[in-house]
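Residues in the sequence shown are numbered consecutively from 1, following this note's numbering.
The hints are simulated quantities; they were obtained by calculation from the structure and are not laboratory data.
Certain hints may be false.
As the list claims (entries may be wrong) - Straight line, CA to CA, 20 Å or less: simulated SDA-like cross-link-like pairs of lysine to any residue:
1. K106 with F75
2. K9 with M21
3. K106 with A65
4. K76 with E93
For clarity, every value in this text was computed on a predicted model and none was experimentally measured.
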Amino acid sequence: MINLDDLMKRIEKLEYHQRLMAEMMPENGYPFHRLIIRNGLSEREVEEFFYTCDRLSMKLEKQKAEGFVYNTPLFKEFEDELHAKLKVHEIVESCIVQNIYPALMKQLQKSL
1 MINLDDLMKR
11 IEKLEYHQRL
21 MAEMMPENGY
31 PFHRLIIRNG
41 LSEREVEEFF
51 YTCDRLSMKL
61 EKQKAEGFVY
71 NTPLFKEFED
81 ELHAKLKVHE
91 IVESCIVQNI
101 YPALMKQLQK
111 SL
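Given the sequences, and given the hints that come with them, work out the whole structure.
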């Protein structure tokens, strides 16, 4: 049976190796994934981010259809709902590179 100290050491080692692997990824390859790993976000926290992006993407499309082109409220909402460990400019740029919610991210980029 493994004791708690050994288990904690193994977890710390895995976390360290995970950070090293994230640094091995090419800079231009997967910047969004790198941010998630570097900031230690959980799968649930990433799912919440995607939920927010889904909702804001639909809101953006509705606003475009209504001729609404003022981006600040949408950007503020995104910024307010973004995980505290993430920086808005980093996440927007990384999503653009990885083609994650491209229409939404390009719109948000205009407010950076």
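* Asked: Hint by hint, which ones does the structure fall short of?
  -> none
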